[in-house]
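Start from the sequences, fold in the hints, and give me the full structure.
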Amino acid sequence: MSERGIVVHKPYARLSREQIEMIDKASLDLLENPGVLCYHEESVSMLGKAGSTAKKTREGEHDAWWVSIPAKVIKQALETAPSTVTLGARNPENQVVLEAEGNRVHFGSGSETNYWLEVKPEVFTSKEDGHERTIPVMKRSRGNLDYLCRSAHLAEQLENLDFFIRNVNVQDADITTGNKDVNVFFAALNNVTKPVISGVADFDQLEKVVNMAEIIAGGREELVKNPVVSFITSVIKSPLQIVGETAEKLIAIAKLGLPVVISTSPQGGSTAPIDELGMVAQVNAEALAGITINQLANPGAPVIYGAVPVRARMDDLHDMYGVPEFCHYNMDCAQMARYYKVPCYSTAGVADARVPGIQATVEKMYTYTAVPFAAPGLVHYAFGLLDKTQTFSPEQAVLDNHKIGMAKFLHRESGVNEEAVERTKKTVEEVMHSPYRMYARYARGMLRRGEIFGGFPFEGESEDQDQTLLKVNERLKELEARDHQYLSEEVCKKIFDSTPGLVPRLNPYK
Amino acid sequence: MSKNLIDQIVNNVLQGRRNNDDEGIEEGMTGDPGVAELVQEALDSGIDTNDILLNGLSKGMEMVGEKYETGEYFIPDMLTAAEAVEAGMKVMEPHLVKGEDGSGKGTVVMATVEKDLHDIGKNLVSIMLKGAGFTVVDLGIDVPAARIVEAAEEEGAGLVGLSALLNTTMSNMGDVVKELETKGLRDKIKVLIGGAPTSEDFAREIGADSYGKDAFAAIKEAEKLLKKV
Ligand code: B12
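Order-wise, the sequence lines are chains A and B.
For what it's worth, the numbering used here labels the leading residue of the first sequence as 1, then goes sequentially.
For what it's worth, the numbering used here labels the leading residue of the second sequence as 1, then goes sequentially.
Think of the hints as simulated: they come from the structure by calculation, not from any bench.
Hints are not guaranteed to be accurate.
[What the hints assert, rightly or not] Computed cross-link-like contacts, DSSO-like style, restricted to lysine-lysine with a CA-CA straight-line distance of at most 27 Å:
(1) B:Lys213 / A:Lys471
(2) A:Lys471 / B:Lys183
(3) A:Lys477 / A:Lys139
Structure (C-alpha cells):
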C-alpha cells in the first residue's frame with residue numbers, strides 16, 4: 001500500500017447529502033437536455049447503442065451530433081468504473097494507489113508552460129545608501145527539452161511531489177508534432193521514478209509511447225499491473241462538447257486498459273456559469289460524459305474523474321486560481337467524485353502572479369490549504385506554476401515543495417489517546433518540579449523524531465531585503481547537482497532502437 | 001579508563017542526559033549512566049576535578065555550540081545539554097574549593113528587574129551560562145535593585161546579568177547600576193544587560209558595561225567581563 005501523500009482524516013464536506021443529490025440530478029438532467037454536442041461519430045454510435053438518442057447537425061465545417069444521454073446510461077458506466085486505480089511508477093515504492101472513498105491526497109506537477117523563468121542573482125549598488133546588494137534577477141526563456149529534463153530531475157528530488165506531469169512545453173527546433181510525444185515521455189520517464197502522467201498530442205504516437213512504457217515495465221502484462229505511464233485526455237470542450245480527436249485517444253487508451261484522467265476545465269464566467277451550483281453542475285456533467293465514453297469503450301478500464309473548474313478574471317478573462325470560488329468549485333467536485341466512487345483529480349497551487357515570491361506564494365498557499373481538505377486523490381498543478389500556468393519557475397517549485405509540506409503537515413493526527421494523556425500528566429508534573437519549569441527537553445524528543453514542523457528554511461538574514469529567492473536559488477542548485485536516476489543503458493538502448501523520432505541528445509549513454 | 005569516562009561525559013552532554021532515566025538523542029540510551037552518574041564515577045576513581053570540568057563538561061558544551069552553529073542542533077538541544085552539565089556540576093560542587101569553580105569562569109547573579117515578569121529569555125541565558133561553566137545564582141523575576149546588589153555582594157559575584165522585556169521596566173536596570181555605585185561596588189561588579197527592548201546604546205546610557213542580544217552573546221560578554229586581568 002502506497003505511503004505517499006497525506007491522509008486527510010475527516011474530509012471536509014461542504015455539500016450536504018441532499019445538495020450532492022441535487023447536483024447529481026442537475027448534471028444528469030443537463031446530459032439529457034440540452035445533452036452534449038459530440039464531434040466524434042464513434043462515440044455517438046457507442047452512446048446510441050447504450051440507449052442515447054442523437055440528432056445530426058452541422059457546426060461550421062464539421063459534422064456534429066446533439067446527443068441526449070439518459071441517466072441510466074451514465075449510471076451504468078459508473079457501475080463498471082473501478083473505485084481503485086493504481087498509478088504505476090518506475091520505482092514501485094512510488095506507486096500512487098487511488099481509492100475513490102479513501103482519504104489519501106497526493107500532490108503533483110503540470111501543466112505545459114510556454115516559459116521557463118529562473119533566478120540569476122546579480123550584484124547591484126544602491127543609489128540610496130551606496131551599499132552592494134544581491135538581487136534575484138529573472139531570466140525568462142522559451143520552454144525546451146533541456147528544461148523539461150531539468151524539471152523532471154527536480155521533481156524526483158522534491159519529497160512532497162508524488163506524481164509527475166510534464167510541466168514545460170518543448171519548443172526546440174527539432175521537435176515537431178510528429179516526434180513531440182515520444183520525446184516528452186522519454187524525458188519524463190528517464191528522470192523520474194514516480195508516476196508519470198501526460199496527455200498525448202498526436203494520436204499516431206500513442207502506440208510508440210505505450211511501447212516505450214512496456215520496455216520499461218518489462219512487458220504488456222507488467223505494464224497493466226504497474227502502469228508507469230498514465231494519460232490525461234481533455235475530451236470535453238466546455239460547455240458540454242465532445243472533441244473528435246481526443247475522444248479517439250480516450251477510446252484507444254481505454255482499450256489498452258491504462259489509467260486515464262478525464263480532464264475538463266471550464267472557466268466560470270465564460271465557458272461555464274460562475275456561480276458555484278452552475279459551475280459544479282456543468283463540470284460534473286462533463287466529467288460524467290467522459291467517464292461514460294471511456295467505460296463504454298472498455299467496461300472496467302481504470303478512469304479518473306478530472307475536474308479542473310476555474311474562475312474567470314474579471315479584467316482580462318484569463319483563468320484565476322487563488323480565489324475562494326476556485327476552492328468552492330474544487331471541493332465540491334471532490335465530493336461528487338467520492339459520491340460516484342471514482343478517484344478524483346483536482347487542482348491547487350497556480351498563481352496569477354508572474355514572478356516567484358511573495359504574491360505567488362500567498363495565492364498558492366491559499367489553495368494548497370483549502371482544496372486538500374476535501375481529500376481528492378490527486379492535486380495537480382501544484383509545483384512552480386505562475387502567470388496562470390504560462391510560466392514555470394524552478395525556484396518557485398522548490399518554495400512550493402516546502403509550502404505543500406506545510407499543507408500536508410496540517411493533516412497530521414492529533415495524537416490524543418489514553419497513553420499520551422498519562423505521559424502528558426507525568427511530563428507536566430516533572431516540569432513543575434524542575435528548576436526553570438521549561439519543556440525544552442520534551443520538545444527535543446519530538447524534534448528528533450521529526451514530529452515538529454521544520455520552520456522556514458528560506459528566511460533571509462537581512463533586515464532590509466527579502467532574500468527568500470536567493471536562498472531558494474542556492475537550494476535549487478544543490479538539488480540539481482544530485483545524481484540522476486536514469487533508466488539502465490540496456491533499457492535506453494532498446495527504447496532508442498525501437499522508437500523513431502527520439503532525439504539522440506536525450507540518451508544519457510551517448 | 002579515565003579517558004574513556006571523560007569521553008562518556010562528553011557524549012552524554014551531547015545527548016543531553018542528566019542521569020540514567022533520561023533518553024538521549026540516539027535511541028536506546030535510557031538506563032545507561034548519565035552525566036551525574038559518570039561524574040560521580042570519575043570522582044570516585046580519582047580523576048582530577050579540573051580534568052572533568054575542562055575536558056568533560058566544558059568540552060561537551062563547546063561541541064554542542066559548534067553543532068548549533070552548523071544547524072545540526074537547535075535551542076532545545078542546547079538547553080537539554082546545559083541541564084546535563086548542570087547535573088554534573090551539582091555532583092562536583094562539594095569537591096570544589098569554595099569561591100573557586102575550577103574552570104575559573106566566575107559567578108554571575110541573574111535577575112529579571114523589578115515589575116517585570118518575563119523570564120523565558122532570562123532562563124535561557126542562565127541555563128546557557130551554567131552550561132558554559134559559570135556559577136549562576138538566579139534570583140528569578142520582579143527583583144528590586146537593592147536585592148540584586150545585596151545578592152551579588154553575598155555571592156561574591158563579579159557580574160550581574162539583568163533582563164527586561166518592557167519599555168516600562170528597562171529603566172529599572174539603571175537603578176541597579178546606581179545602587180552598585182551607592183554601595184561602592186561598581187568597580188568590583190560588572191553589569192551586563194539584555195532583553196528585546198534594550199540595546200547597546202541603552203546600556204551605554206544607563207552606565208552598564210555591556211549588552212547581549214541573545215544567550216550566545218551573553219556567554220561571550222560574560223567571558224570578556226569576567227576575564228581575570
Ligand atoms: C511571553 C511573553 C509574555 C509572558 C511571559 C511569560 C514568561 N514566562 O516569561 C506573559 C504572558 C506573562 C507576558 C506578560 C506581559 N507582557 Co509580554 N510578552 C511575551 C512575549 C510574547 C515573548 C517574550 C519572550 O519570552 N521571548 C522569547 C525569549 C527567548 O526572548 P527574549 O526574552 O527577548 O530573550 C532573549 C534576548 O532578549 C536575550 N536576553 C534576555 N534577557 C537577557 C539578559 C541578559 C543579561 C542578556 C545578556 C541577554 C538577555 O537573550 C534571550 C535569549 O536569546 C513578548 C513579545 C516579544 N516578541 O518579545 C511580549 C512582550 C514583551 N510583552 C509585552 C507586554 C506589553 C506584556 C504585558 C504588559 C501585557 C499585559 N498588558 O498584561 C504583561 C506584563 C507582565 C509583566 N509585568 O511583566 C510587550 C512589551 C512592550 C514593550 N516594549 O513594553 C511585548 C513586546 C509584546 C508586544 N509586542 O506588545 N508576556
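Here is how each hint holds up against the structure:
{"no.": "1", "hint": "B:Lys213 / A:Lys471", "in the structure": "holds, 25 Å"}
{"no.": "2", "hint": "A:Lys471 / B:Lys183", "in the structure": "violated, 53 Å"}
{"no.": "3", "hint": "A:Lys477 / A:Lys139", "in the structure": "holds, 16 Å"}
Hint 2 alone, counting from the list given before, is not met by this structure.
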